[in-house]
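**Student:** 21 is the number of the first residue of the sequence shown in my numbering; add one for each residue after it.
Please note: incorrect hints may appear among the correct ones.
Claimed, not checked - For lysine to any residue, the following SDA-like pairs were computed, each having C-alpha atoms within a straight-line distance of at most 20 Å:
1. 91 - 28
2. 115 - 98
3. 115 - 78
4. 91 - 73
To be clear, the hints were calculated from the coordinates, so they are not data collected in a lab.
Here the structure is a predicted model, which means the values were calculated and not measured.
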Amino acid sequence: MSDWYWKIIALTAAFVLTCFISYIRTDDNIQRLPFCNPHNVKNGVPVSNDLVIVSTLDGRLTAFSTDDGTKAWDLQTQPLLSSNLHHVELTSGGKWVRLVPSLRGALYSLSGETIEPLPFDAEQLLSSSFKYSDDLVIAGVC
């Protein structure tokens, strides 16, 4: 199989590990996630909060609205993995931006306040370059 295939597999495996591998020490303060009440009722009417929850390597959990992509809440936890990868951030128009991969290979732009889908996926990024903004071009390495 080609090198790009194994790079996609490695990227997906790294993302899965960062999302699912963590440990709890006995001295950890376990916090409840805000706004996750499945029986949320406002004025007697059930309220549905459709959220996408993003976990980053530095341990931050952020929830975004599926309606408009705005940040609903965030919570700082312990880092899931010790790595230099979570320090990689891009700047576009003076604003810091992170690329967040999905398990299916889609990529999202995380600016801290909003999350937006990118018009390319991880496989396409490995073989091409894309103009993200006037001052930022993203290129993959095969």
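**Student:** Which earlier hints turn out false for this structure, listed by number in ascending order?
**Tutor:** 1 and 2
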